[in-house]
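Asker: Residue numbers (the UniProt record's numbering), protein chains in the order written: chain E, 1 to 388; chain P, 1 to 388.
It is possible that part of the hints are untrue.
Identical copies go unnamed one by one, so any copy, or any two together, can satisfy a pair.
What the hints assert, rightly or not - Think about it this way: if two alpha-carbon atoms lie no more than 20 Å apart in a straight line, the pair counts; the simulated EDC-like pairs of lysine to aspartate or glutamate are:
hint	residue 1	residue 2
1	K34	D150
2	K169	D318
3	K165	D268
4	K326	E256
5	K72	D55
6	K132	E262
These are computed hints drawn from the structure, not numbers from a lab.
Here is what each chain is made of, one letter per residue.
Number of protein chains: 2
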Amino acid sequence: MPTAAEREAQAKAAIEAAKAPPVEDFKPSSLNQKGKDFPAVNSERRIRARVVAPDAHSVALDIGAVKYPLTKGEDGAWVGASIPQDAGFHYYQIVVDGAQVPDPNSLYFYGASRWGSGVEVPATDQDFYALKNVPHGQLRETPFYSKRSDAVLRCFVYTPPDYEKNPAKRYPVLYLQHGGGEDETGWGSQGKTGLIMDNLIAAGKTKPFIIVMASSYVPGAQMGPPRPPAPAAQPGAATRPAGAGGMPRFNFSAFERVLLDELIPFVDANFRTQADQLHRAMAGLSMGGMQTKQITLANLDKFSHIGIFSGGSIASSDITDIDGFKKSVKLVFVSYGSRERGATGKTNVEALQQAGVKSVFYESPDTAHEWLSWRRSLYQFAPLLFQE
Amino acid sequence: MPTAAEREAQAKAAIEAAKAPPVEDFKPSSLNQKGKDFPAVNSERRIRARVVAPDAHSVALDIGAVKYPLTKGEDGAWVGASIPQDAGFHYYQIVVDGAQVPDPNSLYFYGASRWGSGVEVPATDQDFYALKNVPHGQLRETPFYSKRSDAVLRCFVYTPPDYEKNPAKRYPVLYLQHGGGEDETGWGSQGKTGLIMDNLIAAGKTKPFIIVMASSYVPGAQMGPPRPPAPAAQPGAATRPAGAGGMPRFNFSAFERVLLDELIPFVDANFRTQADQLHRAMAGLSMGGMQTKQITLANLDKFSHIGIFSGGSIASSDITDIDGFKKSVKLVFVSYGSRERGATGKTNVEALQQAGVKSVFYESPDTAHEWLSWRRSLYQFAPLLFQE
């Protein structure tokens, strides 16, 4: 992890590099509000923002941990561009005289513990999450009562395109978790889960299944530090006590209980699921991956397929009964962006393979701890599910 | 309609009145982001905003057509309060040195042609849209292909709580339209349609039915002026040519074709509907009410129940064949907020009653052209539907 001084130096270098005139082939981001031409992205993957702030003294585009100063034009609009960004989705914000605010031009997404701006940089493989004229599933906003929280919570449930047509057909279920500072909207919105699944199903590449996306922030329960550090590739990191290796201990038990005692029974009672271990998977990104690891390992009678995206991995030492594990678990899938530290994850996957566990490692090219890594991970993971 | 000078005078008076110290019993708005204490509402229904903008020279709370200047505190946060607002939902924004931006503290809603802040003032009757532990329906984000637009569009479909349980049961359908500058998210979000219906159904006050919420802004089609003026209570206003009476002509025909030729067939093919005129209703607010009037009157073989919320009314002179109308139409419902000009609507409803048409007029107390008027309208309208 870079130090504060290193980050500051990187930011200064980025601001300097951003002074180079960009190639003038900007196109509006696909995540802009109707009729808005900015932010825009060029062929260098640089982002240009434009913000009307006639009386401001300073306006910045805050993206990728760099605050790029914008320049005021005669029309009162401030304009400027970043250095090249990775392909895919990026959270960002605008800073107007010290006020950190959403860009009025973009759509909004929940991440970094707030609703804020998002910008999309085209990717060479973006076709797999494109909006196409294929049969579409439905993303259902589904309230459910949690006795533990004494509150009505909300999850989003993706049902595949043929769900309405076959009233007798039952489906496997994937429980798919967001990352730290995100919520139940993340996978459906930033993650483009519905589009990814619709396209995979239309191409016959995956078995249709239901996806349940809930928030792991259970009301009234303290999970751990509000900003989980980027997970290093340390197996079992979530369970080490603070101080030993420096990783704070997360307590996912409140969500584990809501998931197992309330959400899964609710889903099985209200959707046509195949309600058994063989047909139930869990996956998650970042903190959601850590939760997936912790919860599945403690409940192998409930989950048969495990996906950990940028959230650690399962080491042989995490498994107490390898024979039981091999019987129960049909898949362990571990993924990272290429710019993350996936080496230990890869090693752990190979060790599981050698132990006879079906285990897959995937590395997303040229991406970091960001949503394109996770869209691609879902795209790779889904076709492997429920094959037995 | 007030003149520009009148509006400016009203704004000045409001800013002056807002200098009076508020009662210090502020509570956070129920539409704030997680963990945010502002904006907050007190027992006088005044709204207090707090925005961190350390280097700004001026920050304002822009609500109800008044820009209230906020005052900077020593902590760099700007604070201030409005005069009392009506009960219910209000769009608003923050202005930081001339930059019109969403408040980083609130949730966001699509209205006034942009995603922006919303604040909720408690209402004495708010129980009917409260989130309760009753059986809940699902709000389904549903893509559908429009050949006319050559695009995949999106609608939201509310299915009632027992929809999943009764695979043989079929349901009537209400097509429910948003207002100008809004979209397909309005009724489900600002309108709290799901909660209103869940509560009515739990109380046995309405027949369960499906609600389809689509955007009437068809891609590529020009509907009319981007900012429809507040509809005066003029019957048939939507069809008068510009110049005659001053009301610009709206052209809803593109949406009419998408609705009739594409959306209704899609809904009937993909949901368990009772796909006939007797079991199909249409309603809308403001511009959506104008569209409802225009489209239903031209297609009485398709719709049997009509709801126009703050969007005009049906005069006897709008009906060419009164006997046919009385046979086809089971309900004409017209509503206004008490602060709007509903007199002509009321008169028109009475005339229809005298002609033997089942017609209902509803006035929402102490509300203007705003969402509480329309939540209440839906709450009054729903129990009257599909009674035959």
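Asker: Please go over all the hints and tell whether each is borne out by the structure.
Answerer: Going through the hints against the structure:
no., hint, in the structure
1, K34 x D150, "between (39 Å within a copy, 17 Å between copies)"
2, K169 x D318, "neither (37 Å within a copy, 49 Å between copies)"
3, K165 x D268, "both (19 Å within a copy, 12 Å between copies)"
4, K326 x E256, "neither (23 Å within a copy, 58 Å between copies)"
5, K72 x D55, "both (10 Å within a copy, 17 Å between copies)"
6, K132 x E262, "between (35 Å within a copy, 17 Å between copies)"
Consistency note: the structure conflicts with the earlier hints numbered 2 and 4.
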